[in-house]
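**Q** Residues per chain, in single letters:
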Amino acid sequence: MPHSHIDVRYVANLARLELTDEEVATFQPQLEAILHHAEALSKLDVTGIEPTAHPAPVFGRMRDDIPHESLPPAAVLQNAPDQAQGQIRVPKVVTDA
Amino acid sequence: MISTLRQQLVSGETTPAAILERLAGEIAARDSRTGAYLSHDLDSALAEAAAADLSLPLGGIPIAIKDNINVLGQPCTCGSKFLSENYKSPYDATVIRKLRAAGAIPFGRMNQDEFAMGSSTENSALQTTRNPHDPERIPGGSSGGSAASVADGTAIAALGSDTGGSIRQPASHCGVVGLKPSYGRVSRYGLVAFASSLDQIGPLTQTVEDAALILQAIAGFDPADSTCLDAPVPDYLTELNAGVKGLKLGVPKEYFGEGIDPGVRKNVEAAIQKLAAQGAEIVEISLPHTEHAVATYYVIAPAEASSNLSRFDGIRYGHRAANPADILDLYKKSREEGFGPEVKRRIILGTYVLSSGYYDAYYGRAQKVRTLIRRDFENAFQQVDAIVSPVAPTPARRLGAFSDDPLHEYLSDIFTLSANLAGIPGISVPCGTTDFDGGKNLPTGLQILAPHLGEAKLLQIARAAEG
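So the sequences go chain by chain: A and B. Under numbering that gives the first Met the number 0, the first residue of the first sequence carries the number 0, and numbering increases by one thereafter. Under numbering that gives the first Met the number 0, the first residue of the second sequence carries the number 0, and numbering increases by one thereafter.
Since the hints were made in silico from the structure, they are not lab data. Misleading hints may appear alongside valid ones.
These stretches of chain B come out as covered by chain A in the derived footprint (C-beta under 8 angstroms, 3 or more residues) [stated by the list, open to error]:
1. 34 to 45
2. 87 to 101
3. 107 to 114
4. 291 to 298
5. 336 to 346
6. 375 to 388
In this text, all values refer to a predicted model and were calculated from it rather than measured experimentally. Even glycine gets a Cβ: it sits at the ideal position worked out from N, Cα and C.
Please work from the sequences and hints to get the whole structure.
**A** Take a look at the structure:
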């Protein structure tokens with residue numbers, strides 16, 4: 000198991016979080032302490048043990064294919080921070096080549 | 000008590016509007032001290048009260064709602080700045096639809112730790128909630144507003160959510176009843192997801208009977224939640240007073256070790272003796288993987304949270320940062336500005352344990368240890384009908400005592416997390432008070448755990464413990 004080192008700024012970027020330098024300094028020892036605690040799991044023998052993703056798994060249940068009403072566009076748009084012409088407006092995503 | 004109020008409603012002694020007006024008065028008189036309510040909308044509740052069908056099981060009964068459960072047209076802040084600016088729920092959660100179908104009136108939005116991450120309600124970005132028994136202390140969390148309002152008499156009953164103890168622990172700290180149903184018993188549709196394989200909605204109430212009445216209304220299959228089980232819902236009231244004679248109750252030795260406050264131990268042992276005096280057989284059992292529950296939980300829950308909270312990106316709802324340079328900048332700034340420190344910590348932790356190179360060592364391994372923890376309970380329930388233990392190692396601590404030490408806070412969740420990892424139901428029932436760390440007469444709770452979908456027996460034992 001890796002030894003409780005975490006590059007906080009790098010992982011925060013993966014999670015799309017822009018942290019201040021202060022936050023990085025605060026989180027670094029806190030997260031290392033938590034990861035160090037989690038390393039105790041490496042001492043357990045889990046050979047041949049199936050992972051549990053859900054405590055009461057339900058697989059392959061099909062619902063009847065019956066049309067039903069979805070949220071109307073106005074209800075979906077009511078919480079959008081910015082909207083125009085019945086759509087959610089965002090900064091330009093595609094740039095000129 | 001709901002049944003008393005129901006009798007008064009049916010006999011015409013009171014009306015739903017009168018109950019709401021009385022509650023609004025209690026809130027005005029006392030909630031500035033407790034801080035349990037983030038908001039309440041008396042006018043819309045009164046409009047519903049005017050149309051209440053008193054023939055229904057919860058007809059005319061107002062129920063306070065944790066602020067992470069969507070109620071059409073109401074705020075749903077999750078205790079976060081991210082959703083506090085102008086979000087209004089565009090639909091009812093399934094539990095709300097079911098409560099309305101049973102005649103209840105959702106009234107009030109209850110404070111919580113931000114996105115239900117915490118055990119004290121101190122992680123709410125919006126306000127401080129105080130324990131009604133001692134305002135210098137936490138109410139517990141994350142459903143701290145729900146627990147504090149029921150304890151304070153500013154709500155009759157409340158809904159909370161429990162991912163690692165977030166119903167049971169605040170119930171214990173505030174001296175009320177808190178029930179976490181089995182995973183899959185209650186639909187999660189419309190509950191803002193924290194950790195989808197652990198979250199369940201449940202009631203916080205004054206009595207065990209009230210908890211049974213509310214569970215009866217909210218349990219059952221929902222096609223909108225694929226993890227909600229298509230299993231029959233028994234009548235939770237028929238066996239409620241059947242007692243504990245002949246039942247075997249397991250006392251896990253790992254739950255009574257060092258770190259448990261002597262006052263908590265004394266009260267829990269006395270509660271167990273009371274059940275023995277009513278005819279229950281007490282058996283010592285072992286849950287050998289208990290010491291690994293905190294590590295397992297604090298890998299799995301943040302992993303699921305980091306995935307679930309990716310939806311808060313500033314695009315469709317909630318906070319959007321001003322003047323972003325581009326779309327990536329918009330995501331990063333909106334999340335930086337909108338989330339508080341505990342949420343950021345857990346997102347980073349969860350992202351890390353899911354990232355390439357660390358996945359197998361942390362997340363994959365934690366899922367296997369989760370299997371071992373689940374098996375501990377399966378083995379225990381071969382021997383006993385239910386398990387009895389403390390809810391939390393200590394009564395409510397002082398506000399601010401752990402604020403720089405999240406791991407220390409996590410370790411205090413040791414007795415409640417395992418039920419979520421195993422998917423089994425658990426309840427907290429008040430068991431007296433004790434003095435702790437300068438505080439006087441602070442409530443303690445007895446936790447009862449039962450096999451998956453064993454809520455009827457769980458409530459039956461809880462009723463006997465409540466005595």
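**Q** If a hint holds in the structure, say so; if it does not, say that too.
**A** Hints, one by one, checked against the model:
1. 34 to 45: violated (count 0)
2. 87 to 101: With 3 residues close enough to chain A, the hint holds.
3. 107 to 114: violated (count 0)
4. 291 to 298: Since 6 is at least three, the answer is holds.
5. 336 to 346: holds (count 5)
6. 375 to 388: With 0 residues in contact (Cβ-Cβ under 8 angstroms with chain A), the coverage given for the stretch 375 to 388 of chain B is violated.
In the structure shown, a violation is registered for the earlier hints numbered 1, 3, 6, in ascending order.
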